[in-house]
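Going line by line, the protein sequences match chains A and B.
Under our numbering, the first residue of the first sequence carries the number 1, and numbering increases by one thereafter.
Under our numbering, the first residue of the second sequence carries the number 1, and numbering increases by one thereafter.
It is worth saying that the hints were derived from the structure and are not from the lab.
Please note that a few of the clues may not be correct.
Stated by the list, open to error - With a Cα cut of at most 20 Å, we get these calculated EDC-like pairs of lysine to aspartate or glutamate:
no., chain 1, residue 1, chain 2, residue 2
1, A, Lys386, A, Glu321
2, A, Lys478, B, Glu741
3, B, Lys690, B, Glu741
4, B, Lys690, B, Glu217
5, A, Lys478, B, Glu777
6, B, Lys690, B, Glu777
7, A, Lys478, B, Asp844
8, B, Lys910, B, Glu217
9, B, Lys821, B, Asp847
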Amino acid sequence: MKKLIFSKILPISVFAMLFTFACTDLTENLPDQITVLETEEEFISALGEAYGILSSWGSHNSLVSLIEVSSDVAAIPVKGQDWDDGGIWVDAHRHNTTPSHGPTNNSWNFLFSGVNATSRLINLFEDLRDDGAADPELAASFIAEMKVMRAFYYYWLIDVFGNVPIIEDFREVVGNPGNNPDFQAGRTQVFNFIESSILNNVDFLSDDPAASYGRMHKYAAHFLLAKLYMNAEVYTGQERWDDAEEQLDIIIDSNIFDLELNYGAIFATENSNSSETIFAIPYDRVFLGGFNIHHMTLHYDQQAQFNFQDQPWNGYTTLAEFYNSFDDEDVRKDRFFVGQQFALDGSPLVDQEGGGLDLAFTVDIPSIRMTPADETYRIAGARFGKFEYAIGSTPNLDNDFPVFRYSDVILMKAEAQYQQNGGGQMYLDMITDRANAPTLTINDENLLAERGRELYMEAWRRNDLIRFGEFNESWWEKDPSDEFRNVFPIPADQIAANPNLSQNPGW
Amino acid sequence: MNGIKLRKSHFSNSEILSSLLRNVSSSHALKAFSSFFMASVLVLGLGFGSAIAQDRVEITGTVTDASDGQPLPGASIIVMGSAEATGSTIGTTSGMDGSYTIRVPQNLNTLVVTFIGYVRQEIQIDGRTEIDIALSPDVRQLADVVVVGYGVQDRREITSSVASVSADQFNRGNINNAEELLQGKVAGLQITRPGGDPNAGFTIRLRGLSTIGANTEPLIVVDGVAGASFQNVDPNDIQSIEVLKDASAAAIYGTRGSNGVILITTKTGDTGDAGVSVNYNGQVSTSIVANRYETLTAEEYRSLANQGIAINDLGASTDWWEEVTQNSYTQSHSLAISGGDRQTNYRVSGNYRDVQGIQKGSGNQRLNARLNITHRALNDRLTLTGNLGINNRTEQIGLGEVFRYATTFNPTAPLGNPGSGFDNFNPLQINELTTWDQESNRFSFRVQGEYDFSDLVDGLGATVSYSRENNDFFRGEYYSRDLRFRGAGRGGLAIRETVNNQNELFETTANYRNTFDFVRVESVAGYSYQEFSNQGQFAEGGGFTSDRLLYNNLFLARDFNDGEGTVASFNNENKLIAFFGRVNLTFDNTYFLSGTFRREGSTRFGADNKWGNFFAVSGGAELTNIIDIPEANELKVRLSYGETGQNAPFDGISIQRFGQGASFLVDGNFQPSIGPASNPNPNLRWEIKKEINAGIDFAFFDERFFGSIDYYNSRTQDALFEFGVPVPPNQFPFTWVNIGEISNEGIEAALSYNAIQTRDAVWTTSVTFATYNSVLESLSSEEFDFGERRFFANVGAPGLNDFFMIRVQEGQPIGDIYAPKFVGFSTNGEWLFENRNGDIVGRDDIDVIEDGQVVGNGLPDFTLGWDNTVRYRNWDFNMFCRGAFGHDLVNTYDIFYNNPTVAAAFNVSKDALDLPLRQSPFFSSFQVENADFVRLENVTIGYTFNISDDAPIRDLRVFASGNNLWTITNYGGVDPEVRFADVGPTDNAGRAGGGNSLAPGIERRNQWFTQTSFTFGVSLGF
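Construct all of the structure, not just a fragment, from the sequences and the given hints.
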């Protein structure tokens, strides 16, 4: 019987196979996907990834959100039902976060996306150069640009996370990082890496900031290096004030940049190529969305004030103490929303869901967790208006975000001189004069306070507080915090996913 | 293969043939295989008979109905083994008085008596010349032949877990989708569509959750076309549905069989000289809202102010629920013409359905035509089959948000109030100022040629088939310039999308079937080539001067001039190529053995991992043939093991892809950037499910009590999952990897009992029962560590973002709901929870992660279905109940609105009137509810008229039916139905995401209200 089965089934199976066309080609065909970069235009487009990542800089739930909310200039108070969000923003403000805090992980991913994109592009252009597919000079300038841009992302990593892995060559670390005890670098090591990345490449960068607007150029690199040196003591324990000043002088002596006469011009809807801007994210409502501070801070019903396409979220407020620290004549004090607000047609706005209360912001905020028992729970707190909000804005503002700007150079120059020899008064005066604010005697307290008034919500406040040793002090709705909180924790998700990462001390 | 034995036979009485064929086709329908069935019946006697014809003995007698003794005219009596012994089948039919006469060769001793609707009998002659035969009505209608992958099989020989549901067992009443026919009918198969949205899709889950990253739905096979859509078939055209439940049964479909396979067989015309028959079915239904989340009336809302609760009294009194719902009407008409002769049979049908939803303006209209035709030629050696399906479906989508805001919008707001504030929109305006239309045109055809090679090799046949399905889909949405929800900020918003999907399938099979002594062999081997291609365009833009043209003229959208419009297109394709085979061996009609193999390749995997091998073995034994079991007609034990696969979920998944990113400035001009959109994973390979299944099939007491019981245990390995990977060194934070291991275990039982079984009255009661246990064994590998646990399913805005409801942890059941444990309210109305140390703390002191605990599970422990069919003379009655037990649901409405403190912004629940709570919303065990339910799904009562032979119509039945009549549950939300996947929050006009199957058990606030339907229908035959 067996014989019968085999003598019949076998030939029949063969027959069945013959009967077919038996195509077995399984090559994947994807008509709508780019899987390999080929043309020079595609190379340049690839470069954009290093910058496109920055689009979330000005969004809610970003690194900048976390930095500012954990400082003494901003908070996202809970307003009844709104903005509890698992307590993450209250925790951020009170320095009570944990390694599983969502925005911390977002920040890590954001910065390492930048590191990865730049590292990957460096490898890509090196390969293209070596293969003769790209012009060597073009490749060299791209590589230098990417290395300094990578240093930019590392600057924020050293500042907020401290001890982080240094990814230089993407090709060497594919897939599993394995058990590598050297994977995570110490803060000093990261410092040296950033310093050498900039020093070795700054000469290959464009020296025309206008032509390379929105991209890394020579003066932005010097600014970045200045920042690194200014904070050197925090990062490495060693002061570098003289080095910082040297970098700042290169920028000042170039005579390319100047303070705007009008403080508001820096933050206007059309603020591209402001004389004060050194490095900006060139936000655009069409081409580069992601900047929505107007939604983050304004009240729901202020949609009618600006005819916004979408409704704002009634979230971020400033602290009363900070608002009150501005002199009444200070032009910068006008850049908050306080008191009664009006619709575009001039009619006074009311808080419709808040029981029809007048939409009049109070400077004082009853608590960081407000309930309907607090009468002003939806309208407490001055709202940010540093940037101009154009009538009819979409969720994506058109204003460029000046990440590095000249007034910071001036303030750093003042601080660097003051730290070395007690000088710098002249530079501090340039800033207060422009703001029509009272002259201040240069000292630690005034320098820190003035930096706050000038640069609040521009991502420097946490950095400044730490450098001046004030980050662990108490302020509104925040008790003194432990020093280990001067760096963020390595996010729990990252430690879980990568056995080579160890937690920052104290966390 | 078809008609092998038939061709050799010479029928002395042509009535036998037609009666046999009728028998076959009415019990189970695939024409292509009907004669095979007959052949196997005839073959049964082989090996017992000798080859030489002998003298014949005349036997006479009467055939009667065993239940009432009435004579049965037209019963078929054939002599078993006569075809083999004499070269022709000897048979006859009973006359008008039930009498028959048959001449039986002396060496043959068995008569086989069959009649439609009665239990087949084999009678030993044992020298008698007068034999009266009493046939028992076969009310159980158990299929004799079951459609399995690439063939049919005698039910008695099946060794894997296959459930078969025939048309008369389908769900009844206001049924407009093929999925609804099966709801609750098959143990272990869960089909859900919470709420009453007529345009929503169904979630189908077989035997728990065996895959998490890839497709979780079973493979649908329509008339042999794998990967077809349920939507292409009108419920009226379906003859039977088979569910291949275990890996052994599904392995022949290898790659896509992991979640089971559902085989749909459509109705065909009768073979033989049955003439032309015409059937009309028509029904009208009306539906009303059955359940909703109850919030306050305007009066109750105002009364809150007396309690010192802040409200926002806008002066009017509006019942928003009344404004946006309607009593809906649904009608369907179906006309089918079928007929055939010895050579050709056909069935052509047309169906029209007009379905209204309980939300004003929602509904769909469907036009469906189907032609099934079979033609035999070349002396029956060649059988040609053609199937053609055309389906047009237009849909008017009703947004779930209409119900959400009807529930939460201020009841004192006047009708025209546009709403204000965050997440606060006028439901009536959403309903009236939104236009969302969809249309799909599906076209499918299949041709099959089947040739009998018996001349060459006895028992050999081969088939070639080609099929193609084409679906053109259109979506148009328009949101008015005046609609705050969407559109107002954009100056009107229009969306147009068109998608084309094509699916081509070419298959050839060779079949071999023969009997050697006591061993019967049935085998099939084949090759399959399937190609899917999809392409589409999408455009979205606003800035309209007028709402009048809706989505029809995008040229008028200023957004495109301003660069703010969005356009996109896609085009992708993938292939599946397979070689497969199956051998079934039957020993002495008692022992059964089956082996299946499929080697399949998919374009989606990495270069070295494209091919996967899947196999299954199973065996069984019919115990009644081995030992004597009192009252047992059938008792088969079976055991199977199989491995099935799961294809990757989309094209290009294993390779590095680049996507367009944000623009950046190049020399002052914006240029789009290109960046990686995925990490490559050339090692990506098939997900494999290994399953063991043990079962028994039984029938006792003259087949009055019958059923099957199965135990299964499966383990999914190399599960496809989009894993969060460390960002250095990876380029992209997610990679598709083979990582997970999921286990499923359960017991399934399907039992039926013919409690009453007479000619006048029949009562059959059936129960299906299934248990489930899905455990995520692992989501780590040597390379990647899942970590201790992760959290999914954000509660959402307002105020509860970054607050997750579902914990996923290795070694734990899937679907654990995680929250702080609620213990009560403080005297001033604040939340109180128990923390990890057992202390009672307030909300500010609770850490939702560290103090949280598992407070429920979203997946059911077991499900039940209970069906009763009663027939008394001309009356028929059906009642069907269905239930799921042991699952919990997060009542997200309760989280936000069972709270008086939000009353200034939203309407609140009825319960909030008495709730001492005075603190803003928070998620805890307080809103996690047991959602056990039993639902009276359907009651139908019908009457069949007696029609005289000379009447112009042949039969007439009228019926009335009710669907979703009663639900018993303690769940306080909208629908206690199991939620298998979470679509995420849809707050402030956001859109729902894809379902996350790791996060079951959440009822979101865009849930449609449920509906109850009443139907009246008529079916008419000419």
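Structure-based check of each hint:
1. The hinted pair formed by Lys386(A) and Glu321(A) meets the criterion: a straight-line CA distance of about 17 Å does not exceed 20 Å.
2. Between Lys478(A) and Glu741(B) the CA atoms are separated by roughly 45 Å; this puts the pair beyond 20 Å, and the hint is violated.
3. Pair hint Lys690(B) plus Glu741(B) holds up; C-alpha atoms about 11 Å apart against a cutoff of 20 Å.
4. In summary, the hint linking Lys690(B) to Glu217(B) is supported, as the alpha carbons are separated by about 17 Å, within the 20 Å threshold.
5. For the proposed pair Lys478(A) and Glu777(B), the alpha carbon gap of about 43 Å is over 20 Å, so the pair is violated.
6. Simply put, Lys690(B) and Glu777(B) have alpha-carbon atoms about 14 Å apart, close enough for the 20 Å limit, and the pair holds.
7. Restraint check: the Cα-Cα separation between Lys478(A) and Asp844(B) comes to about 14 Å, which is no more than 20 Å; the hinted pair holds.
8. With a C-alpha separation of about 38 Å, the suggested pairing of Lys910(B) with Glu217(B) is violated against the 20 Å cut-off.
9. For the given pair, Lys821(B) sits about 11 Å from Asp847(B) by alpha-carbon distance, which is consistent with the 20 Å threshold.
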